[in-house]
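Asker: Numbering (the numbering used here), first residue to last: 1 to 166.
These are computed hints drawn from the structure, not numbers from a lab.
Since the model is a prediction, treat every value here as computed from it, not as a measurement.
Note that beta-carbon positions come from the ideal geometry of N, C-alpha and C, so glycine has one too.
You may find that some hints are simply not true.
[Unchecked claim] Label-pair distances were calculated between CB atoms; the ranges are:
(1) Glu19 <-> Asn118: 31 to 41 Å
(2) Val164 <-> Thr102: 39 to 49 Å
(3) Gly117 <-> Ala53: 44 to 54 Å
(4) Glu2 <-> Met91: 17 to 27 Å
(5) Pro149 <-> Ala60: 31 to 41 Å
(6) Asp13 <-> Met91: 33 to 43 Å
(7) Ala60 <-> His161: 19 to 29 Å
(8) Pro126 <-> Asp13: 44 to 54 Å
(9) Arg82 <-> Ala53: 28 to 38 Å
(10) Asn162 <-> Met45: 14 to 24 Å
(11) Phe43 <-> Gly117: 34 to 44 Å
(12) Asn162 <-> Ala60: 19 to 29 Å
(13) Thr124 <-> Asn63: 44 to 54 Å
(14) Thr143 <-> Gln59: 39 to 49 Å
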Amino acid sequence: MEGRTIWAVKISDNVSVDENEPEILYTALQHAREAIGGTSMIFLMQYLCENYASNTQVQALVNNREFFIVPCVNPDGYEYNRSTNPGGGGMHRKNRRNNNGTNPGVDLNRNYGVDWGNCSGLLTDPNNPCGTSVNTAETYIGTAAFSEPETQAIRNFTTSHNFVAS
1 MEGRTIWAVK
11 ISDNVSVDEN
21 EPEILYTALQ
31 HAREAIGGTS
41 MIFLMQYLCE
51 NYASNTQVQA
61 LVNNREFFIV
71 PCVNPDGYEY
81 NRSTNPGGGG
91 MHRKNRRNNN
101 GTNPGVDLNR
111 NYGVDWGNCS
121 GLLTDPNNPC
131 GTSVNTAETY
141 IGTAAFSEPE
151 TQAIRNFTTS
161 HNFVAS
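Given only the sequences and the hints, what does the whole structure look like? Please build it.
Answerer: Here's what the structure looks like:
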């Protein structure tokens with residue numbers, strides 16, 4: 001784990017105030033190789049900001065909600081792909097935890113607490129798409145639910161808000 005910051009952007013008509021409005025969370029790039037998800041979040045932010053003054057539907061959405069957008073949950077994994085494949089196509093999926101394996105990292109999508117490790121007794125199968133305890137596998141779930149700083153950060157962020165949709 002290289003310790004890069006996970007950024008969140010708030011879009012609202014009153015950004016500096018915690019208003020009594022529905023809060024919505026968007027996240028992307030849990031898997032480092034899914035760069036299009038982060039790009040989509042940047043385009044969503046751009047769309048909301050650029051169309052706020054001219055589109056009454058966008059203005060109503062922004063005036064009556066608080067949007068929180070995390071374009072990259074896995075900045076270390078994303079940076080690894082960007083630096084090793086600057087033209088695109090980096091296929092590293094997990095974060096960058098050094099777990100003494102040939103394929104470092106934990107699959108962040110499988111490291112959250114809901115049903116963690118509940119893969120019908122197949123945790124020792126490295127090809128199990130549900131998740132595995134084999135640390136070199138693409139779907140390695142980690143040592144415990146929320147063992148990774150990235151999933152801890154998202155958990156802490158969500159528990160400090162009252163999201164109605166995510």
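Asker: For each hint given before, does the structure comply? Return the numbers of the non-compliant ones in rising order.
Answerer: none
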